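Engineer: Given next are the chains, with one letter for each unit.
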Amino acid sequence: MKEKDAIIDYEPHQLMLYVEKEDGTFGPIITGSYLSKNYIDDYFEKMEKLRLSLLNQLKDNLISPIEYYRIIHDFNVFELSRRTEISVFKVKKHLKVKGFQKAKVSDLLKYAEVFDIPVSNLFQVIIVEGRDSEIKDGSTDTNIYKVRQSKTQNQNLVITKFELNK
Amino acid sequence: MLIETFKHTMAAHCESGTLTALLNHKGLNISEPMIFGMGSGLYFGYLRHTPNLNFPMFILRTKSGKLRKKVAKRIGIKFKSEKYKNPEKAEKELDSLLEKGIPVAVQVDLYYMEYIPEWERVHANIHFITIVGKEDDYYIVSDSYFPKLAKLHKDNLRKARFAKGYLAPKGFMYYIDSVPESFDQKNIIRKAIKETINNMIGVQPPFIGVRGMRMFGKKVVEWPKITRDIDHLSHEVMKINIFLEDQGTGGGGFRFLYATFLRQAAELFQSPELESMSKKMMEIGDGWRNISYFAAKIGKNRDLGPEKLKELGALIVGRADAEEAFYKELKTVIHKI
Numbered sequence: 001m002k003e004k005d006a007i008i009d010y011e012p013h014q015l016m017l018y019v020e021k022e023d024g025t026f027g028p029i030i031t032g033s034y035l036s037k038n039y040i041d042d043y044f045e046k047m048e049k050l051r052l053s054l055l056n057q058l059k060d061n062l063i064s065p066i067e068y069y070r071i072i073h074d075f076n077v078f079e080l081s082r083r084t085e086i087s088v089f090k091v092k093k094h095l096k097v098k099g100f101q102k103a104k105v106s107d108l109l110k111y112a113e114v115f116d117i118p119v120s121n122l123f124q125v126i127i128v129e130g131r132d133s134e135i136k137d138g139s140t141d142t143n144i145y146k147v148r149q150s151k152t153q154n155q156n157l158v159i160t161k162f163e164l165n166k
Numbered sequence: 001m002l003i004e005t006f007k008h009t010m011a012a013h014c015e016s017g018t019l020t021a022l023l024n025h026k027g028l029n030i031s032e033p034m035i036f037g038m039g040s041g042l043y044f045g046y047l048r049h050t051p052n053l054n055f056p057m058f059i060l061r062t063k064s065g066k067l068r069k070k071v072a073k074r075i076g077i078k079f080k081s082e083k084y085k086n087p088e089k090a091e092k093e094l095d096s097l098l099e100k101g102i103p104v105a106v107q108v109d110l111y112y113m114e115y116i117p118e119w120e121r122v123h124a125n126i127h128f129i130t131i132v133g134k135e136d137d138y139y140i141v142s143d144s145y146f147p148k149l150a151k152l153h154k155d156n157l158r159k160a161r162f163a164k165g166y167l168a169p170k171g172f173m174y175y176i177d178s179v180p181e182s183f184d185q186k187n188i189i190r191k192a193i194k195e196t197i198n199n200m201i202g203v204q205p206p207f208i209g210v211r212g213m214r215m216f217g218k219k220v221v222e223w224p225k226i227t228r229d230i231d232h233l234s235h236e237v238m239k240i241n242i243f244l245e246d247q248g249t250g251g252g253g254f255r256f257l258y259a260t261f262l263r264q265a266a267e268l269f270q271s272p273e274l275e276s277m278s279k280k281m282m283e284i285g286d287g288w289r290n291i292s293y294f295a296a297k298i299g300k301n302r303d304l305g306p307e308k309l310k311e312l313g314a315l316i317v318g319r320a321d322a323e324e325a326f327y328k329e330l331k332t333v334i335h336k337i
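If you read the sequences in order, they're chains V and C. FYI, in our numbering the residues of the first sequence are 1 to 166. FYI, in our numbering the residues of the second sequence are 1 to 337.
Misleading hints may appear alongside valid ones.
[Unchecked claim] Selected chain C positions facing chain V (Cβ under 7 Å, derived; list incomplete):
| id | residue |
| --- | --- |
| 1 | Met10 |
| 2 | Ala12 |
| 3 | Pro51 |
| 4 | Asn54 |
| 5 | Pro117 |
| 6 | Ala150 |
| 7 | Lys164 |
| 8 | Ile188 |
| 9 | Asp231 |
| 10 | His235 |
| 11 | Asn241 |
| 12 | Asp246 |
| 13 | Gly250 |
| 14 | Arg263 |
| 15 | Asp286 |
| 16 | Gly287 |
[Stated by the list, open to error] Over the 12 Å line for every Cβ pair with chain V, so calculated as not near, a few chain C residues:
| id | residue |
| --- | --- |
| 17 | His25 |
| 18 | Ile59 |
| 19 | Ser64 |
| 20 | Ile77 |
| 21 | Leu97 |
| 22 | Tyr111 |
| 23 | Asp136 |
| 24 | Asn199 |
| 25 | Ile201 |
| 26 | Asp229 |
| 27 | Gly251 |
| 28 | Gln270 |
| 29 | Lys297 |
| 30 | Glu329 |
The set of hints was computed from the structure by calculation and includes no laboratory data. Here the structure is a predicted model, which means the values were calculated and not measured. Cβ atoms here follow ideal geometry from the backbone N, Cα and C, with glycine treated the same way.
Just need the whole structure built from these sequences, with the hints factored in.
Structural biologist: See the structure below:
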């Protein structure tokens, strides 16, 4: 690849490419990601569409919250089982609505840890008006409010705080 | 506290980049392409029936950890490495090494690297970073995929080092104990190139090497059968671009990095034939880059009918043909030098 063909102006996602330089030598350059620059909107759009479709299935009680987050995180059943250290048999049960109803709190805490969410989010979706997407620990609302979810020493208790976004 | 003498640089790939940075810090002046080539890092595999994977994927380099071990054995580098069951003990020993001014490489789940843009953060247990300091609750991290030194909260580092799942890091860390004063670089290069040739066109399972590329080209046409909907198919097709370009390959699925290795080897051997091979490998990389652009375009446009996927498959099979011819020629060149 020629150096001039590799240069992409995209600061948020930089990477190193090896190229043929103008003097014919081969070496590294730092440039922007072609994919991120040209196609990131499409990625966000697809992810949001997937999330809303899963959320509707969740609302209609067709899938369990574990299945919702499993698909979002792109884990297969075996990987989710390994990461949570819950047997494949039990994970398969928890992916279904009926099985989720019977899940132990200790198992839900393991799922929450792997999905990197407060355990309470397995039972709720927080939507801020004008921003139809769920929030995660530390993320900020682009409009008026900053919503912060913090874990406490009590692993079953999460504090959800709405703060004015100054 | 920061190890001031450590020089942070970006690299094409996290494993070879981390190793190169540590070796340079230890006084061994060597480039990332040379490390990659001498560790026989170039590879190809199409994996479709692995229980750990949600979807078929292709790999372009050898298994994580293999490169480091091969380079160490061939050059004679002595590592100190450790895995841990207890996160507190792992953290304590890491802190103690930092206090002694020793930069330490750790294996992590990329997802927890909070300084990386969110869309890049996927669960991948095979990412390597170097820890070069600590300030209060934050570690100072040198990550080959990030332009400058970054800060990582100790809780996130702990989660990342002790994430479970496929290829779990288990707290793995290593640092360099000693590097040899000299080594037979020419001999290592010959051996390493021969191994890469064997990996690509030698007797291998049908999903490895150029046969693996042909399998990939054939199977990509069947992907609509195993996807949820058109958006899922588009996502998986566009991931071809991510694997080839964005996920730390140096572009063209490591082929540009390998071409640079061949060029550096050609200079060492004073071999015009090897130099010509480096140019050919660069062109092969260009072909892979075209595939990645093509995949991104048809994925974005949802232009994923059978004809387009056949076209994509044909491009991949074309790379297999080009690489097969390349390694056959490289085999004759390497026997001459």
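Engineer: If a hint holds in the structure, say so; if it does not, say that too.
Structural biologist: Evaluated hints:
1. Met10: holds, 5 Å
2. Ala12: holds, 5 Å
3. Pro51: Check passed: Cβ of Pro51/C comes within 5 Å of chain V, closer than 7 Å.
4. Asn54: holds, 4 Å
5. Pro117: holds, 6 Å
6. Ala150: violated, 13 Å
7. Lys164: Since chain V brings a Cβ to about 5 Å from Lys164/C, closer than 7 Å, the hint holds.
8. Ile188: Constraint on Ile188/C not satisfied, violated at 20 Å.
9. Asp231: Because about 5 Å separates Asp231/C from the closest Cβ in chain V, which is inside the 7 Å limit, the hint holds.
10. His235: Holds, because the Cβ-Cβ distance from His235/C to chain V comes to roughly 6 Å (cut-off 7 Å).
11. Asn241: holds, 5 Å
12. Asp246: holds, 5 Å
13. Gly250: Cβ of Gly250/C sits 4 Å from chain V, so the hint holds.
14. Arg263: Status holds, d = 5 Å.
15. Asp286: Asp286/C check passes; min Cβ-Cβ to chain V is 6 Å, inside 7 Å.
16. Gly287: violated, 11 Å
17. His25: holds, 18 Å
18. Ile59: Holds, since 17 Å exceeds 12 Å.
19. Ser64: holds, 16 Å
20. Ile77: For Ile77/C, whose nearest Cβ neighbour in chain V is about 23 Å away, the distance exceeds 12 Å, so it holds.
21. Leu97: Holds: least Cβ distance 27 Å, greater than 12 Å.
22. Tyr111: violated, 7 Å
23. Asp136: holds, 17 Å
24. Asn199: holds, 20 Å
25. Ile201: For Ile201/C, whose nearest Cβ neighbour in chain V is about 23 Å away, the distance exceeds 12 Å, so it holds.
26. Asp229: Asp229/C is in fact no farther than 12 Å from some Cβ atom of chain V, at 9 Å.
27. Gly251: Per Cβ check, Gly251/C is inside 12 Å of chain V; nearest 4 Å; violated.
28. Gln270: At about 16 Å from chain V, Gln270/C clears the 12 Å cut-off, so the statement holds.
29. Lys297: The claim is violated: Lys297/C sits with its nearest Cβ about 9 Å from chain V, within 12 Å.
30. Glu329: The claim stands: Glu329/C keeps its Cβ more than 12 Å from every Cβ of chain V (closest is about 19 Å).
Hints 6, 8, 16, 22, 26, 27 and 29, counting from the list given before, are not met by this structure.
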